[in-house]
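Participant: Here is what each chain is made of, one letter per residue.
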Amino acid sequence: LIRRFASRCWSALASLQVTIVALILLMALVVLCTLAQTELGTLGAVNTYMRSMVVWRRLQGIPFPMPLFPGGALVGLVLVANLTAALIRRFEFNPRKFGLWVVHAGLILLVAGEFATGAFQVDTRMSINVGETVNYLESYHQMELAVSDVTDPAHTEEYGIPDSKLKAGAAISLPGTPLTLKVKRFYLNAELAPRADGDPPSMADRGVGAGVKVTEAAPAASDKEVNATSAFVEPVAGGRSYGTWLVSTMLGAPQTFIHEGRTYLLSMRARRYYLPYTVTLKQFSHDSYAGTDIPKNFSSLVHLSNPARGEERDVLIYMNQPLRYDGKAFYQASYGKGDTLSILQVVSNPGWLLPYLSCALITLGLLIHFGITLFNAIKRRQVAEGAA
Amino acid sequence: MRISKLFTWLPGLLVLAAVLATAVPPGRIRGFDMDAFGRTPVLEGGRIKPLDSVARNALLMIRSKQGVPFEGRELGPDEWILDVLFRPEAADAQPVFVINDPDVLGLMGLKQSANRYFSFATIEPHLQEIASQARAAEGLESVQRSRFQNAVVNLFQRLVLYNQLENSVQLADSPGLYAELQALGTPEAVQRQKNLADTARFRILPPLPGQSGDAWQNTGEALLAAGSSAPQPALISLALVSAGYKAAQPEAFNRGVAELQGLTANIRPQALRHANSEILFNRIQPFYLGMVIYVLALLTLFGSWLWRRDLLQPAAFSILAAGALVHTTGLVSRIILQGRPPVTNLYSSAVFVGWAAVILGIILERMYRKGFGTAVAASAGFASLIVAHHLAMEGDTMEMMRAVLDSNFWLATHVVSVTIGYSATFLAGIIAIAYTLRKHIAPELDPATTRTLVDMTYGIVCFALLFSFVGTVLGGIWADQSWGRFWGWDPKENGALLIVLWNAIILHCRWGDYIREKGLMACAIFGNIITSLSWFGVNMLGIGLHSYGFMDQAFWALAWFIASQAVLIGLCLMPRRFWAPRTN
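So the sequence lines, in the order shown, correspond to chains A and B.
FYI, in this note's numbering the residues of the first sequence are 1 to 388.
FYI, in this note's numbering the residues of the second sequence are 1 to 584.
What the hints contain is simulated information worked out from the structure, not anything from laboratory work.
It should be emphasised that the depicted structure is a prediction, and the values quoted were computed from it without experimental measurement.
Yeah, the Cβ is synthetic: ideal placement off N, Cα and C, and Gly gets one too.
Among the hints, a few may not be true.
[Said to hold, decoys possible] Not everything, but these chain A residues come out facing chain B in the computed CB check (under 10 Å): (1) I20; (2) F64; (3) T363; (4) L364.
Using the sequences provided together with the hints, build the complete structure.
Facilitator: Here it is, written out as structure tokens:
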């Protein structure tokens, strides 16, 4: 009985009906995901519809979110399982079907590649001014509260606290320093304005924050907006408070305090990831078509320096020509400040090769399939002619 | 036998002869060699083009047509641009602004009537109001604007374009270029020259010897550069053209034009050669003619179902072939003129989708010879060229490519494959529509023909899946090369994926025998909806990396198209002649 049940499950898993239903569900998800992008932004829509097992939605009158639709990840898994089962079940050494078999194996790899991307891809950026040397990447979405020991101008010690750890009431001690930061209030996104006469007093009693009014704002929804992450923090060291400070990505002026002869700088900024090598922007070029603002090309000439590996070389990064180094790809993404600032998008995706492999497999499969079809057609025609 | 064969090809040859006749240059009008003036190369929108192209594109944007009927005759684009440049008071009286929106008309105190065309002089008293309404609306995203707001922004943009053109060679309210040359060096002149340099739409003066190829100047810049010293010779020729036209002295005008061309020929011969080729392309309007020829082929084919099928069916095919030849020539000319693969923007994708569908249809007709290939090819060609014709209203169709798109390799592989995928999906849909109409209209159904139609659709869907899949994957590779991700769920990518998925679903349903003849056909018609959405619909969302061509008015056209396809799917699934009273 169990064997019969298992064999029925197996054939159901491998059946064409499952393929078709999964494909139709995938189509519906793609449509929903596309339409949702106007509201949620690309990343939000993809996370809701494509990278989730189930699409949840809050309905009126029900206090908890309801599962509304199978998510892209679930449909993808079903599709991969279905394809794999079908490939195993129907595998036979029939040259007429071998090409299609290879094509479908390639398809599995393609879906696997998208799973790998969803799970492992990290997008960061590197902004460099001409002549500047940079050894870190910046996150697009995550912020960090940085406390830097700037006592020695030649050597700065930095401690970054990611925004995920910044919650009101948290007390974060910085390892290697006598400092503890008390978070009094945290805003993922906020609007900052100069404090008017009638406004209640600011929580901050030190630094520029005393004159600023902070209002909580909804987190950025579209891809174009960036959260103005802000917080009121109180550094404490050796039982002594150094006052309450406002830190925000919207504040540019440096805010420092001195504890036992050491100067500490407080700042809220995009989260940084340090690299074991440096990149120097030697030159940025940007041309427009004559008499228009239509960009013709951008390129950054950078110098890559990695003493650990003894590498010192110049690289030209331009449109459609990224630098692939250290498991990351550096793309020319944007520019600013009258063409003296270059912004590189830095992507690390361990699965980046999968789509290429998949394409190669699929192409091979199609070539085999059509080659065999053509060969058979010619043979049939020859046989027909021979008979006539 | 030979004579009948000749007769078969005669209609096509006649059509081609008629096409060639349009290539003959027009004569002088009132003694002015306007054609020669239209050949003057200028730099506009980042590329060298003849002034004739500037005039045609501007007229298409402002008036939606390439000519202006005025005082009992049709002004061509060259004559119109001459009036705009040198006789603005005459141009202001010509009815060139097409306004359809009743609220915009109401803003100017006008009632909606049969006359949709208004002159600048009519609009001028309301400029302030239009400008302030447009500025208020421009703050909104295109999708958020009301119909009125879109219409008023559109009118304002056309007024700005018209104003730029009027102030491109000389200021519209000035006595002319001669007076400007005489005033060189005076303090008031400098301000006027600066205004002229800022507003000019195009740069008409070629780079001086020794300057770079991009150093074209407009008259304002050239006057500023001259300072109080002697102006460059081209400016003097241009002043002669201006004065000759204004004073109705054709000899002076023609001499000025000849001098200007002589100067350009010395300094930039390649610019003049390019302008001359483009003029020929402009004059023949291969895509417009192609559209007319496809209609002719379709009508002939319809005729063949009523009378002398043996004669008219081959005749229709020969006319279709002539249309395809004109279409192909136009496509190749664009490739050569632009130095780019065939598809670079939405407009050229429409031209190419139609072309690929026509070629596929011709192949089908040669394989099956039932007349259906001709019908399908001619309707596909006609429909896509109509779409292209409307897309041409957005401006220069040979615009420059933005940096990220500037890759001939990927344009030639990814874009062409995806577009062929669109073509094939549409073609399958059109065959299915032909099947549906035939099912309900034809007095008798010949099973062999039905079988042929089903085979054709199945084959084309396979073809469509292959090309749309390959194209989509190549697009992924391009995206990985330039943006750092293979797949980003961008709306246009999703659109392409939908086509791939739909074609895959059709084929898997067919292989599993879940759909037969009727189901296959209904699915193929649904493919039209999917393709139209992914081709145009995603551009209307106004988001994503591919939304280069946003369209306001196309929304309703698309909605109607989808509704019509839904009706056709219903018809396809209904039993044959379900409305007719059962005789049995």
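Participant: Given F64(A) as an interface hint, is the shortest Cβ-Cβ distance to chain B below 10 Å?
Facilitator: Violated, about 27 Å.
Participant: Given I20(A) was flagged as interface, is its beta-carbon under 10 Å from a beta-carbon of chain B?
Facilitator: With a minimum Cβ separation of about 5 Å from chain B (threshold 10 Å), the hint on I20(A) holds.
Participant: Does L364(A) hold up as a contact with chain B if the rule is Cβ-Cβ below 10 Å?
Facilitator: violated (13 Å)
Participant: Would you check whether T363(A) satisfies its interface hint, that is, whether its CB is within less than 10 Å of any CB in chain B?
Facilitator: holds (8 Å)
In this structure, the earlier hints numbered 2 and 4 are contradicted, and the remaining ones agree with it.
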